[in-house]
Amino acid sequence: MKKTEKWKKMIKHVCLIIGAVIMLVPFAWMILTAFKTKSEATQMNPFIIFPSQWRTEAFSNVIRKMDFIKLYINTLLMIFGRIVCAVLTATTAGYAFGRLKFKGRDLCFSLVLFQMMVPVQIFIIPQYLMVSKMGMLNTIFSLIFPGLVTAFGTFLMRQAFMGLPKDLEEAARLDGCNIGQTFLYVMMPLTKSSMVALGIFTALFGYKDLMWPLVANTNQQSMPLASALAKLQGQFSSNYPELMAGSLIACIPMLVLYLLFQKQFIEGIATSGGKL
Amino acid sequence: MKTKKAKKKITSRDKAEFLWGWLFILPTMAGLIILNIIPIFQTIYQSFFKTGAFGRGYVFIGLDNYKRLFADTAVWQALLNTLKYAVIEVPFSIAIAIVLAVMLNQKMRGRSIYRMIYFMPMVCAPAAVAMVWRWLYNSEFGLLNHMLNAIGLPKVNWVSDPKIAIISVAVVGIWSVIGYNMVLFLAGLQEIPKDYYEAAEIDGANAVTQFFKITLPLISPTMFFVVITRVIASLQVFDSIFMMVDQSSPALPKTQSLVYLFYRYAFVENNKGYGSTIIVLLLAIIMVITVFQMKAQKKWVHYN
Amino acid sequence: MNWKKVSAVMLVAVMTASLAACGGSGSDSKDSSDKQESQDTGKALTVAIWDSNQEPGLRQIMDDFTDETGIEVDIQVTPWKDYWTMLEAAATGGSMPDVFWMHSDQIGTYAEYDDILLNLSDKIKESDKIDLSKYPENLVKIYQNADGDQLAVPKDLDTCAVWYNKKMFDEAGIDYPTADWTWDDFREVAKKLTKDDGSQYGVAIKPGSYQESWYSTIYAYGGEVLTADKKKSGFDEPKTIEAMEVIENIIKDGSMPDYNVVSENETTALMEAGTVAMTFQGSWAIPELAENDYVKENCDIAPLPKGPEGTKSIYNGLGWAASANSENTEGAWKLIEYLGSKEAQQKQAELGVTMSAYEGTSDAWANSHPEFNMQVYLDMREDAQAYPSSKNTQVWFQMMKDKMVDGFSGAKPMKDVCEDIAVEMNKFLAEE
Numbered sequence: 166m167k168k169t170e171k172w173k174k175m176i177k178h179v180c181l182i183i184g185a186v187i188m189l190v191p192f193a194w195m196i197l198t199a200f201k202t203k204s205e206a207t208q209m210n211p212f213i214i215f216p217s218q219w220r221t222e223a224f225s226n227v228i229r230k231m232d233f234i235k236l237y238i239n240t241l242l243m244i245f246g247r248i249v250c251a252v253l254t255a256t257t258a259g260y261a262f263g264r265l266k267f268k269g270r271d272l273c274f275s276l277v278l279f280q281m282m283v284p285v286q287i288f289i290i291p292q293y294l295m296v297s298k299m300g301m302l303n304t305i306f307s308l309i310f311p312g313l314v315t316a317f318g319t320f321l322m323r324q325a326f327m328g329l330p331k332d333l334e335e336a337a338r339l340d341g342c343n344i345g346q347t348f349l350y351v352m353m354p355l356t357k358s359s360m361v362a363l364g365i366f367t368a369l370f371g372y373k374d375l376m377w378p379l380v381a382n383t384n385q386q387s388m389p390l391a392s393a394l395a396k397l398q399g400q401f402s403s404n405y406p407e408l409m410a411g412s413l414i415a416c417i418p419m420l421v422l423y424l425l426f427q428k429q430f431i432e433g434i435a436t437s438g439g440k441l
Numbered sequence: 002m003k004t005k006k007a008k009k010k011i012t013s014r015d016k017a018e019f020l021w022g023w024l025f026i027l028p029t030m031a032g033l034i035i036l037n038i039i040p041i042f043q044t045i046y047q048s049f050f051k052t053g054a055f056g057r058g059y060v061f062i063g064l065d066n067y068k069r070l071f072a073d074t075a076v077w078q079a080l081l082n083t084l085k086y087a088v089i090e091v092p093f094s095i096a097i098a099i100v101l102a103v104m105l106n107q108k109m110r111g112r113s114i115y116r117m118i119y120f121m122p123m124v125c126a127p128a129a130v131a132m133v134w135r136w137l138y139n140s141e142f143g144l145l146n147h148m149l150n151a152i153g154l155p156k157v158n159w160v161s162d163p164k165i166a167i168i169s170v171a172v173v174g175i176w177s178v179i180g181y182n183m184v185l186f187l188a189g190l191q192e193i194p195k196d197y198y199e200a201a202e203i204d205g206a207n208a209v210t211q212f213f214k215i216t217l218p219l220i221s222p223t224m225f226f227v228v229i230t231r232v233i234a235s236l237q238v239f240d241s242i243f244m245m246v247d248q249s250s251p252a253l254p255k256t257q258s259l260v261y262l263f264y265r266y267a268f269v270e271n272n273k274g275y276g277s278t279i280i281v282l283l284l285a286i287i288m289v290i291t292v293f294q295m296k297a298q299k300k301w302v303h304y305n
Numbered sequence: 020m021n022w023k024k025v026s027a028v029m030l031v032a033v034m035t036a037s038l039a040a041c042g043g044s045g046s047d048s049k050d051s052s053d054k055q056e057s058q059d060t061g062k063a064l065t066v067a068i069w070d071s072n073q074e075p076g077l078r079q080i081m082d083d084f085t086d087e088t089g090i091e092v093d094i095q096v097t098p099w100k101d102y103w104t105m106l107e108a109a110a111t112g113g114s115m116p117d118v119f120w121m122h123s124d125q126i127g128t129y130a131e132y133d134d135i136l137l138n139l140s141d142k143i144k145e146s147d148k149i150d151l152s153k154y155p156e157n158l159v160k161i162y163q164n165a166d167g168d169q170l171a172v173p174k175d176l177d178t179c180a181v182w183y184n185k186k187m188f189d190e191a192g193i194d195y196p197t198a199d200w201t202w203d204d205f206r207e208v209a210k211k212l213t214k215d216d217g218s219q220y221g222v223a224i225k226p227g228s229y230q231e232s233w234y235s236t237i238y239a240y241g242g243e244v245l246t247a248d249k250k251k252s253g254f255d256e257p258k259t260i261e262a263m264e265v266i267e268n269i270i271k272d273g274s275m276p277d278y279n280v281v282s283e284n285e286t287t288a289l290m291e292a293g294t295v296a297m298t299f300q301g302s303w304a305i306p307e308l309a310e311n312d313y314v315k316e317n318c319d320i321a322p323l324p325k326g327p328e329g330t331k332s333i334y335n336g337l338g339w340a341a342s343a344n345s346e347n348t349e350g351a352w353k354l355i356e357y358l359g360s361k362e363a364q365q366k367q368a369e370l371g372v373t374m375s376a377y378e379g380t381s382d383a384w385a386n387s388h389p390e391f392n393m394q395v396y397l398d399m400r401e402d403a404q405a406y407p408s409s410k411n412t413q414v415w416f417q418m419m420k421d422k423m424v425d426g427f428s429g430a431k432p433m434k435d436v437c438e439d440i441a442v443e444m445n446k447f448l449a450e451e
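Protein chains in written order, with the numbering used here: chain A, 166 to 441; chain B, 2 to 305; chain C, 20 to 451.
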């Protein structure tokens, strides 16, 4: 018995490791490129894998050119704003769509799905005009604007709530809770993992959002990381080492955030298992 | 709900649900309507016009854009390309991700590290991802062909062969999306109580049986979410094609997606009217597929 | 989750919202307090460009401007891909940057309405710094609207030339190209430089690189892309077809790499990889090529080959335009006037930013990379052809690029491709 257990584990690990390597190839390339000269980075023939000299100029140049602190602040504020909006609006709406019965519910939910069915590019100009009219271009508010509400998040939370046991509301009602209290004290805590996932995705989509900030936040002071980095791509040639150095510096906070939130996943089982 | 609903009797419970329901959905709905639904209808409206720049010079042309659309073979080919892409990306990325999520949900050495590594493609700069895959796939200088050469096989034109370019792009899609799916599945898996698995162990069920009899059914609401959102997203594929396939590539006609065409007409050629028409087509298709999925959910999605 | 947490979250949300609201106006008030107390020149001028390579040089020039006038300038770089989306959105919303780059492909769209671009004609007349006769006539004309109003001041000039690999020429025992070489010579040389084992090819041309390569061929043979009155396509003219068949022959000779290699890679990359001996490049490619070690060691610049009508390098140039709705049109004009003046144009060239449009200022640019014979680009101006554009260039040249793929990949004969293009192009031109 023990031998097959060991084999199974080994195979599992081998598969995971192969998969991990495949996942990491672009990162490896990003890191290696950040230490090359511009010439080495674009050279194809022969392809240069390791830089002849590990230069840190790309890093120092990019730190000099970009005010990373300001960029981080802008990006973090944007992400934070979007997460707060997403959690507040999507959990309440998700609960209502998933567990309450009321007239107009299904029609409204179809509108929620409807929003996801079109590519985001069509929202850029109409939303730009809205923000422009409000005079709020080049502010953090404009960065948060597209994320004030989230159809994706609403759908996600609806599914999460629908997956909870049917009798929970009855039990809460018997305990004397109204719907609001049921939601806040009983239902929402059980969807913590999904809320964490929602937070992660909201952060990610905001962080990666490129086209919107390029159009709405052109001012150097109010740019987030993604669009500031995009500037490093010239019309005819891009400074790849600097672009990669900048991207590496930029993705660190995201990874840290993810690691912090990842812990929530591990605690999840204890909560839901116990409640039953 | 077990109580029978009397025809006209509105219980205080119903009233409460109505009030709370609307209260809860109001911010989201208000936001959606202003920020998103109205622009969608503006887009549909635009499809009936020949559009000028800066929102001016709109000339009503009725169904002309649609007539052009139906006769436009490039559009129908793009639709086919988009469907091909979705058919490859969605099943594979979901299958791999669910297996990963299950594997990484158990206590094991290095679990946190693996979870982070599989998530990392999602935080990787899109420019970097595009560069790397473009190089990997490069027919002359790329790593893949170098490796094929090394073992004596002929080189493959991964992104310039019209027959396989869409598959190559779909592989990149799968690669980028596994992390996303995995995170969602992990979240869903947390909500399955451990006791179920323990009981099954005692009954003698092995890992595979447990997977199919316990995991899949209980994770079906999450799975449903992932399937719907991934289908919709993959039908909107654009960035990876835009970044990996050059406009002069012989593979482009058989690889460009509907959103790619839309982007070209709306943002490059300044023809928002025709671009909007393409969106309407895409919207109609996605609606049909989504409605179909919503109806089918009764058959396989297991809500408590 | 309890009430404490919820209220904490909400408190933070409110704080964020107020931070955000202040954040926006905060930086503005800080800027204006730094300014001199003058009616129009309160805020910094916003200047939009798309090439971050040019930013450092332009920054210096703008700083000189600030020293002279006290008006602050804020340069905003938006990458090319999204520049026009940004500009169009801004124009639709009435919040354009004060000063920005304009391109000949887009001027038609922006010139259509009177209230988008600031009409500079009167100001130019009054100005002693801007003399339109000092810029290439065609460039000046491109940036005028149908009424002859000047909507942008020419900023720079670009021409095209051949880059060749000296080492490969030496190996094959071929003399370096001279100013008299013809397209027939070019074809011969390309054939000789192609090795049988496929490790080296004579030339690589992308259908999408028309501006630097085959447009010139067309005019060199007496053909045209667009008729002079811009009403019809020139693609079905016999001389145009003859020119394209010259290219076709070079491809048929086997002097170009397989089409998929050409389509997957930029010609600069192929040059840098040592795969091809010659490529066509516009002067804008210099920042990219000049920094590459392999190119520095082995390559140099040669004039375009001649056809029966001459070299006909395509030339083009960007323009500086101002927003008609700017809060500070006076300041915007002052900046444009400065940028178009002889001093600024001279400095632009000296800093190696680009070749300047103002007559006689670009000699300094030619010396910015002494390893290369950059003088060739200046010489190409002698016998050049203005970049062909019409009101809605965007529409037909996308179609042209797509159809031309078949000609280069060998899927269709060039003659058929050209005639197809002409038919479609005429349809689009008729709609303008």
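The set of hints was computed from the structure by calculation and includes no laboratory data. Even for Gly, the Cβ is constructed at its ideal location relative to N, Cα and C. Check the hints yourself; a few may be wrong.
Some residues of chain B that are not near chain A, with every Cβ distance over 12 Å (derived) [stated by the list, open to error]: (1) Lys16; (2) Ile35; (3) Asp73; (4) Lys85; (5) Val100; (6) Cys125; (7) Pro127; (8) Leu149; (9) Ile152; (10) Gln191; (11) Lys214; (12) Met224; (13) Ala267; (14) Gly276; (15) Ile290.
Covered by chain B, according to a simulated footprint, are these stretches of chain A (three or more residues, beta-carbon under 8 Å) [to be verified]: (16) 226 to 236; (17) 240 to 248; (18) 253 to 265; (19) 285 to 296; (20) 308 to 319; (21) 377 to 389; (22) 407 to 416.
Consistency of the no-contact label for B:Met224, given chain A and a CB cut of 12 Å: Per Cβ check, B:Met224 is inside 12 Å of chain A; nearest 9 Å; violated.
Beyond 12 Å from every chain A Cβ - status for B:Ile35: B:Ile35 not clear of chain A: closest Cβ-Cβ about 8 Å, inside 12 Å.
Chain A versus B:Ile290 - minimum CB to CB distance exceeding 12 Å, so not interface: Contrary to the label, B:Ile290 does not stay out of reach of chain A, its closest Cβ about 9 Å off (not over 12 Å).
No chain A beta carbon within 12 Å of B:Pro127's: violated (7 Å)
Cβ separation check - B:Lys214 to all of chain A, threshold 12 Å: Per Cβ check, B:Lys214 is outside 12 Å of chain A; nearest 17 Å; holds.
Separation of B:Gln191 from chain A, once the least beta-carbon distance is taken, above 12 Å: violated (3 Å)
Within 8 Å of chain B (C-beta), three or more residues of the segment 377 to 389 of chain A: violated (count 0)
Whether B:Asp73 stays farther than 12 Å from all C-beta atoms of chain A, as the label says: holds (18 Å)
Beyond 12 Å from every chain A Cβ - status for B:Ala267: At about 7 Å from chain A, B:Ala267 fails to clear the 12 Å cut-off, so the statement is violated.
Distance rule for B:Lys16, whose beta carbon must clear each one in chain A by more than 12 Å: violated (9 Å)
Whether chain B covers the segment 253 to 265 of chain A (at least 3 residues having a Cβ closer than 8 Å to its Cβ atoms): Three-residue rule met by the segment 253 to 265 of chain A, so holds; n is 9.
12 Å Cβ clearance of B:Val100 from chain A: violated (9 Å)
In this structure, the hints that do not hold are numbers 1, 2, 5, 6, 7, 10, 12, 13, 14, 15, 16, 17, 21, in rising order.
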